[in-house]
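Q: Sequence:
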Amino acid sequence: MKSPSKKLSNIIAKWRKGRKGQFVVYTKEGKRFVVPLYYLNHPIFKVLLEMAEEEYGSNVNGPLQVPCENELMEYILCLLRTKLGNVEIGEAISSIDTCSKKRFRTKFSQVQKEKMQELADKLGWRIQREDEELVQQLCNETGITRQVFKVWMHNNKHTLGKKP
10 MKSPSKKLSN
20 IIAKWRKGRK
30 GQFVVYTKEG
40 KRFVVPLYYL
50 NHPIFKVLLE
60 MAEEEYGSNV
70 NGPLQVPCEN
80 ELMEYILCLL
90 RTKLGNVEIG
100 EAISSIDTCS
110 KKRFRTKFSQ
120 VQKEKMQELA
130 DKLGWRIQRE
140 DEELVQQLCN
150 ETGITRQVFK
160 VWMHNNKHTL
170 GKKP
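Residue numbers in the sequence shown follow the numbering used here, run continuously in steps of one, and reach 173 at the last position.
Just so you know, these hints were derived from the structure itself, not from any lab.
A portion of the hints provided could be inaccurate.
As the list claims (entries may be wrong) - For each label pair, taking beta carbons as the anchor points, the in silico distance ranges come out as:
1) Asn68 to Gln31: 22 to 30 angstroms
2) Glu63 to Arg155: 22 to 30 angstroms
3) Glu38 to Glu62: 13 to 21 angstroms
4) Glu83 to Leu49: 14 to 22 angstroms
5) Leu49 to Leu143: 46 to 54 angstroms
6) Ser118 to Tyr84: 34 to 42 angstroms
7) Gly170 to Pro52: 55 to 63 angstroms
8) Tyr84 to Val160: 24 to 32 angstroms
9) Asp130 to Tyr84: 42 to 50 angstroms
Computed from a prediction, not measured in an experiment: that's the story for all the values here.
Note that beta-carbon positions come from the ideal geometry of N, C-alpha and C, so glycine has one too.
Assemble the whole structure, with the sequences as input and the hints as a guide.
A: Next comes the structure, spelled out in C-alpha cells:
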C-alpha cells in the first residue's frame, strides 16, 4: 500500500505533466491549461509558439508559457474545440498577433519634458554607466522609469537633440 505522501506526489506529478497525449501551457498571468498535443499543428498554436519564442527566447527552463492573457487562451481553445471555419481562425490569428504587441503611449507633462530634455542635453543624448545616478534621480523626481526615459531619448534625439 502506498503512503499518503507518495499518492500525493503521484497526483502532483500527473497534474504538472498533464495526461498522455496532452501538454501543459501557462499564460503570462500564470494560469495553467492542459492542451491536446494535436493542437500543436494548428496555425493558431504555431503563431502562439512563435510569439512565445520571440517574447521569452528558445532556451527557457521551466514550463511552456505563452504571451497572452487568460481570456485569450480560453478563446483560442474554444475556437479549436469547436473547429470553426478558416475565416474565424484567420481573424483569431490576427487578433493574437496584434493583442500581445500592443504598446501604450506615455503622456508627459511639460515639466517632465523639460527635465528629460535638460538631462538628455547634459548627457549628450546617451546614457553611460557613470550617468546612472543622474538618470535614477530624474526618474525619482518625474515618476517615469529608466526604460521610458531611454525610449524617449531615442525617439527625440534627432529632433530635440539638434543644436540650433
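Q: Can you give the numbers of the hints that this structure goes against, from lowest to highest?
A: Per hint list: single violation, 7.
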